[in-house]
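Chain order of the listed sequences is A and B.
The working numbering applies: residue 39 is where the first sequence begins, and numbers increase by one.
The working numbering applies: residue 39 is where the second sequence begins, and numbers increase by one.
These are calculated hints, taken from the structure and not from any lab test.
Any given hint could turn out to be false.
Any copy will do: because identical chains look the same in the list, a pair fits if it lies in one copy or spans two.
[Said to hold, decoys possible] With a straight-line cut-off of 27 Å between C-alpha atoms, the simulated DSS-like cross-links for lysine-lysine are:
id, residue 1, residue 2
1, Lys77, Lys91
2, Lys77, Lys203
3, Lys92, Lys77
4, Lys203, Lys116
5, Lys95, Lys136
6, Lys212, Lys116
7, Lys136, Lys92
8, Lys91, Lys136
9, Lys212, Lys136
10, Lys77, Lys116
11, Lys212, Lys77
Number of protein chains: 2
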Amino acid sequence: MSQLYPQSVQTLIDEFNRLPGIGARSAERLAFHVLASSKDEAMRLALAIRDVKKVIKACSRCFNAAEGELCHICSDHKRERGIMCIVELPRDIIAIEKCGGFSGVYHVLQGVLDPVAGVGPGQLRVAELFSRLESDEPITEIILALNPTTEGDATASYLIDEIRKSFTDINVTKLARGLASGTDLESTAPSSLQYAIQGRQGV
Amino acid sequence: MSQLYPQSVQTLIDEFNRLPGIGARSAERLAFHVLASSKDEAMRLALAIRDVKKVIKACSRCFNAAEGELCHICSDHKRERGIMCIVELPRDIIAIEKCGGFSGVYHVLQGVLDPVAGVGPGQLRVAELFSRLESDEPITEIILALNPTTEGDATASYLIDEIRKSFTDINVTKLARGLASGTDLESTAPSSLQYAIQGRQGV
Numbered sequence: 039m040s041q042l043y044p045q046s047v048q049t050l051i052d053e054f055n056r057l058p059g060i061g062a063r064s065a066e067r068l069a070f071h072v073l074a075s076s077k078d079e080a081m082r083l084a085l086a087i088r089d090v091k092k093v094i095k096a097c098s099r100c101f102n103a104a105e106g107e108l109c110h111i112c113s114d115h116k117r118e119r120g121i122m123c124i125v126e127l128p129r130d131i132i133a134i135e136k137c138g139g140f141s142g143v144y145h146v147l148q149g150v151l152d153p154v155a156g157v158g159p160g161q162l163r164v165a166e167l168f169s170r171l172e173s174d175e176p177i178t179e180i181i182l183a184l185n186p187t188t189e190g191d192a193t194a195s196y197l198i199d200e201i202r203k204s205f206t207d208i209n210v211t212k213l214a215r216g217l218a219s220g221t222d223l224e225s226t227a228p229s230s231l232q233y234a235i236q237g238r239q240g241v
Numbered sequence: 039m040s041q042l043y044p045q046s047v048q049t050l051i052d053e054f055n056r057l058p059g060i061g062a063r064s065a066e067r068l069a070f071h072v073l074a075s076s077k078d079e080a081m082r083l084a085l086a087i088r089d090v091k092k093v094i095k096a097c098s099r100c101f102n103a104a105e106g107e108l109c110h111i112c113s114d115h116k117r118e119r120g121i122m123c124i125v126e127l128p129r130d131i132i133a134i135e136k137c138g139g140f141s142g143v144y145h146v147l148q149g150v151l152d153p154v155a156g157v158g159p160g161q162l163r164v165a166e167l168f169s170r171l172e173s174d175e176p177i178t179e180i181i182l183a184l185n186p187t188t189e190g191d192a193t194a195s196y197l198i199d200e201i202r203k204s205f206t207d208i209n210v211t212k213l214a215r216g217l218a219s220g221t222d223l224e225s226t227a228p229s230s231l232q233y234a235i236q237g238r239q240g241v
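Next up, chain A with everything else stripped away, as it sits in the complex (with noise of 0.2 Å):
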């Protein structure tokens, strides 16, 4: 159907059709919006896309996202440096900060674990994260925020082996597992029932 659309209006469908989310029906949505927004409005987008990577390095502290030499909770003095919460990737950072229930700082993996896709230790920011509790600050609390998935508890499980093996004064946690809110357990998959119940709480 390539000879539908001239050939830059199929090449825009097909940038769009890449991105999460965005289907075939997306796509022509979305180039045709671009087809016939002004130029000003639709080169927005696209200089906002240049402005991200170009601006936009990775903290050298914690490897959050971050416009300059340090992230905006790194640069921030109001956070607790001693309670370190280590997550996967910059939006898990987003998610933790709309939540509101964390005022200590962050360490950005840049990914998990994953053999299969020869993804090991040294292709995340590991050494970095003992680097920074050897030498940085000192740190009572590892607050492990990895997401609930396979991959995600092989790499807390390994991360706890290593962090216990040198820092055995640093309380090491792990976010809490069980019912999601507004769910109900008829819907809820049996392991995290599962993780309900061995996790429950007197009252």
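With chain A's structure known, arrange chain B on it following the hints.
Just chain B, lined up with the frame of chain A:
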């Protein structure tokens, strides 16, 4: 919440959020995808947007999207030039081309009459339509393929009147209205059902 993101990331989220069908959550997800992807990959989308705005113009004959002076349909000598289909926007041409039932040429009005929004015949490609009918090609049939909306219907009525004033030998038709394939009577809007009854056909 704007301090959650570096400014350039917030700008990119805002720009994605402006696109049709992209809500706040999707805009965040797309921005994080751009952040996580390689610079080359991200820039392919930025450049595709720029290229479309640079290269695509309105076809000088039918006002479809075109990379050259004429669109690929007006340049195609195999199309039947005696049958003209009038549509609102270039995307309507794609929809009709995909169904494969039409081999004539098009005329894109670039909108519909909308007095509330201040769109009269002068804001559409109506004058260009009549100059095509007068000089360009011997048209035997005009198919009105405007959207089945209040504005589309009003625009069709206006064009029917104008065409009949000057071109009594052109056969003017409209797309059939009735039941949409794959739906059921119960969920069909009363007005569509009315069209389906009025347009009932002998079997």
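To see whether the hints hold, each was checked on the structure:
1. Lys77 / Lys91: Classified as both; 21 Å inside a copy, 6 Å across copies.
2. Lys77 / Lys203: neither (58 Å within a copy, 38 Å between copies)
3. Lys92 / Lys77: For Lys92 and Lys77, the Cα distance is within 27 Å both inside one copy (22 Å) and across copies (8 Å).
4. Lys203 / Lys116: neither (31 Å within a copy, 76 Å between copies)
5. Lys95 / Lys136: Answer is within: at 22 Å inside a copy they meet the 27 Å cutoff, but 44 Å across does not.
6. Lys212 / Lys116: within (24 Å within a copy, 68 Å between copies)
7. Lys136 / Lys92: Cα proximity of Lys136 and Lys92: one copy only (26 Å, versus 40 Å across).
8. Lys91 / Lys136: within (24 Å within a copy, 37 Å between copies)
9. Lys212 / Lys136: Only inside one copy: Lys212 and Lys136 sit 19 Å apart there, 53 Å across copies, limit 27 Å.
10. Lys77 / Lys116: neither (43 Å within a copy, 33 Å between copies)
11. Lys212 / Lys77: Result: close neither inside a copy nor across copies, 49 Å intra and 34 Å inter.
In the structure shown, a violation is registered for the earlier hints numbered 2, 4, 10, 11, in ascending order.
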